[in-house]
Amino acid sequence: MNHSLLMAILLLSPFVGFLINGLRWRKNGPNLAGGIATVAIFISFICSVLLFVDLVSMPQEARRIAVTFFEWIAVDRLKIGAGFVVDPISAIMILVITGVGTLIHLFSVSYMHHDKGVAKYFAYLNLFVFNMLILVLGDSLVTMFVGWEGVGLCSYLLIGFWFTDREKAAAGMKAFITNRIGDAAFLLGMFVLFMTFGTLNLHELNELAPTVAEGSWLGAATLGTLLLFIGATGKSAQIPLYVWLPDAMAGPTPVSALIHAATMVTAGVYMIVRLNAMFIAAPNTMMVIAVIGAATAVFAATIGMTQWDIKKVLAYSTVSQLGYMFLAAGVGAFGAAMFHLMTHAFFKALMFLGSGSVIHAMHEEQDIRKMGALKKYMPITHFTFFLGWLAIIGMPPFAGFFSKDLILEKAFASPLGHPLLWAAGVLGAVMTAFYMTRLMALTFWGKSRVPKEVHPHESPWLMTIPLIVLGFLSVVGGWIGIPHVISAILPGHPANILGDWLAPMLKVPLSDAHHHLDAATEWTLMGISVVLAAISAAVAYQFYVRSPETPDKIAKALGPVYQLVSKKYLIDELYFGAVINPLIRLSKNLWHHVDVNFIDKITYVLGDLVRGGGSLVRTLQTGNMQLYAMYVGLGLVAILSFVLMR
Amino acid sequence: MPSTDVFTTITLQHYLVLSAALFMIGLTGVLLRRNVIVIMMCIELMLNAVNLSFIAFSKFSGRIDGQIMVFFVLTIAAAEAAVGLALIVCIFKRFREVNIRFFEHLKG
Amino acid sequence: MLLSTIVFLPVVFALVIALWPRENSLRHLALGFSLIEFILSLKIFQQFDPSSSSLQLVEKHMWIERFGIQYFFGIDGISLWLVILTTFLTPIIILASWNSIDKRVKGFHAALFLLQTAMLGTFLAFDAIFFYVFWELSLIPMYFMVGIWGGTRRIYATVKFFIFTMVGSVLMLIAMIYMMYLTQEALGTMSASLLDFYRLKIPFVGGTLLSLQSLLFFAFALAFAIKVPIFPLHTWLPDAHVEAPTPGSVILAGVMLKMGTYCFLRWIIPLFPEAAEYWAWLFLLLGVIGIVYGALVAMVQPDVKKLVAYSSVSHMGYIIIGLFVFNSYGITGGLYQMLNHGISTGALFILIGMIYERTHSREIARYGGLASVLPIFTIFFFIVTMSSIAVPLTNGFIGEFLILMGVFEKNPWFAAVAVTGVILGAAYMLWMFMRVFFGPKGELVSDEHHPLHDLNAREIGVMIPLVVMIFWMGIFPNQFLDWSKASVDHLVKNRSSYNLTIKASGSHDPQALPEEAAQ
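Chain order of the listed sequences is A, B and C. All residue numbers for the first sequence refer to my numbering, where the first residue is 1 and numbers rise by one. All residue numbers for the second sequence refer to my numbering, where the first residue is 1 and numbers rise by one. All residue numbers for the third sequence refer to my numbering, where the first residue is 1 and numbers rise by one.
Some hints here could point you the wrong way.
[Said to hold, decoys possible] Listed next, with one range per pair, are the computed distances between beta-carbon atoms:
no. : chain 1 : residue 1 : chain 2 : residue 2 : range
1   : B       : Thr11     : A       : Met625    : 34 to 44 Å
2   : B       : Gln13     : A       : Tyr631    : 48 to 58 Å
3   : A       : Met195    : C       : Leu285    : 17 to 27 Å
Derived from the structure by calculation, the hints contain no laboratory data. All residues carry an ideal CB built from backbone N, CA and C; glycine is no exception.
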């Protein structure tokens, strides 16, 4: 099939779905709306598969399908086309987006069944997928930015989907504005790159990237990539712009699964991987990325350990896992970042959908203190969630193990890496194992704390099927990237499929001092993280299943530290106190004191001057005719004497 | 004898001095008197002072233009007096007063 | 004859309307007239040659020979879209004011058409005095529009508007007359033709305000800066907008503010190249301050209309910085942003007018939860909001992106400050949107005695063309930019010795005839 046609269908199918549901938002019922939306995404999925198959059949170096539909902006040197590219990197993304997207749409049909705005919901969801596809397929930073802002917009709409609740609407707004801060930096980053390299095309930028690492902080590549990375911290919820993601859980749960776990939030990582040659040329940026990523991974995990809302725990977990992806990208392990992006999409989408299933069963209850022992009521949800749990805490041979292990190994061994980064990663993994086990224990295991009037039940098949598929992917998803040391001992020595697939697209760190780990070290690193995570999980099991009173004691013993962590380090309060409120005060002062009391006053003063001069002259106008005659006479005398005496 | 000439021969200067004196009397009246009718009369006086100098110039220069001008002035003076008196009658009817002090409504 | 017809036909319309005997069919008549005018203006595309940077469709006759003042119309790529914008908005305004203007309907429509003539004349006149006539003429209908059909403080607002704009104009007139004398010195005969003005080499000395070029530059710039308005001359705008009736606000924001920015492009930059270059920092600074200041002050406004008015200050700041970087990106972006602002801010004012008709209040705090009561209204408002905060694929993005790019090329620091406008813009618009449309129902929305009705067919009909333009301009900007490309390129390349030639009318001969110097 013709590539441009295929690409057009891939992109437009969700858009058409959006239009149908959007224009008939009052008429389409849940089944019709959901059906249309799901089919729309499924068509895109088929197109993605077809494109992927075509890509596979091409020779390795020529794997690139580029289509330009029309010229979008052309001013002077700036030439931006509506161009889209499928290459090994974006192929993975479109498969994940449309594949996981289809499952989540399917799940939503049942989950949103009773909502009045269901057609609107599916319209937004389709619009989101459309924008996400533009983001990943766009061949230039500007086309990417179109999708980048577009997904932010859809995220805004979906977080505030139940807008009659002011807090939910505010969460949407917070997400959009926080993202805008990043977007502003993204714009500046684009300008820096454009002014230096004369193009914004991703492919060309990668070709033109300096081949020698840039030492200066103010070099074009460093400054440009640093600004782009600030953009990424907004979209991908990294320190310091992560604050919107936990609040974003106000949206419907499938939205959290699709947008705030599997796809949109990974856009920042994807952008860095896309532009890897440019980022590699800027080691300073890379260092910042790695440090921020590692810091976020640990920081968010600590907050995750103290949350009671099932979705908030998952949200902080997402922030933390995204930190891992940035850590990977920052040490130059772009393949590992993509790998973790993919496996995370599987298991985190699974866990969000699982939590959706739980919330559905608990009649919109999200507090895990009111759950417990749900295992017996919801066996399928529990089992699939269990698989996701094993994947995220990195137990072999589940998906998360391979990707997380690869990241940790690279953090240790890459020329851009550092043992401290590795240690942070391991610390994060230990905490991840803890809070995830805690979540499992409080939700599914232990004693039931479910209120009497609530009768949990297993969700309908439309919801469990996506769970089962994602559960399967969470198990096998990692097998396409089996590291060399493990495949060496496996029968048949399976190849590292993902690594080979991505290799032609990715630059390796420029430094030639490439540490090659010997097998023993690699095994040791792997062992340490797995064993520590397992111990941590066991401790959490002990705490929350065997002796549920221990955590409280520990929390008490920690005193203010625990309080600080459970209140999310008061970062929101800090932002409000230090930035937002002063800004609003400043604005009010500007309005009252500059506009009303200063500029307008000046104009009034000018007016008053004219008026004052007028009233001064006015006193001459007495109305007394004889006085006027006198003036005339005096004037005559004055003029005559002037003329005559000259 | 020039000193006696002043009294015997009447020159242009005599006329002009008289005219100026009459004009000043009229002007003073216009500026100082409060009664509108008196002011009107003073204006007449000023006009006639001008007439006097016209005629004097006409006589001493031997040209007729000045005397023609006087007719114009007389006509206009008559018209002015008619309109002015009519206005004064109107004002008196309305305000019962012809003192100019009460007509200061055109204050700025 | 096309341009003369386009400019003066509305006067005929105004007369017909003023003399029309029946009151009830008046609006239909006016709508029909405005559509005729719009279609007529589309005929320009047939005759306009986008590949040429010369002045086209020229009509030139001597008007007052003694002073070399001419009846002189022409059009090029810079004025083309502004003319279309004017004729495009007028039918929409008439349709939008169908119910809201209920007194002196006849006078209102007559004033509207008169205003249209004045605005079109401003965009098309190429003789200084001829231009000045239109420039000043535009004040009069606007003065009455605010003064008669406005809100409670309309007299204060309209006088403020009038005096502010008048102050600048007078200085401009003096400068124009002075320049006419300069043409007499340079060319032998006096001329008020802008094309002759372009030929003048006005002496410029840097470092002082008192060199001739700088003085003339500021005399013109003040007039235009007040009209735009540039910070700190903007305080007439919020008052005028708040008190103006909906159609007045739409025209004011949609077209009249563009008269200021257009004139910067048409007069200031080519006429005083050295002074413009030398003082560019001042305008960049004021523009950037305007962007941030307008956005901040907009954020805390309790009145929706005032909020949008201050957002205009912010958006006009973008246009100014775009123009004053003198590169293709900035000027193209500035020109595009003029159209965008006309459409999206115009649409915002129309929407605010629609809700005001229903509730008679514009106080944000009294709203809330409107989205569940008026869904169609909400959708339109949302789309226009997106355009206003420059989300990609809407028109706003193209303009803002190009402007910021242009500014970045000239001076990254200004761009870095200007880019905060992107954030603040989203903040004030979305915060307002949340307070008005989301959350629990406010007192006006939940009032049992006055249930709110969603948009009717007429109102949807008003919004559709605007929304179509928002997306069309956002997705296919090239279709618009191609028409002005030649003129903008010509301006950017030959800024220091700018010169416009007159294209032989009627022929599609690319060979442009140079205008003979007046002998």
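Quick rundown of the hints versus the structure:
no.	hint	verdict
1	Thr11/B with Met625/A: 34 to 44 Å	holds (37 Å)
2	Gln13/B with Tyr631/A: 48 to 58 Å	violated (30 Å)
3	Met195/A with Leu285/C: 17 to 27 Å	holds (21 Å)
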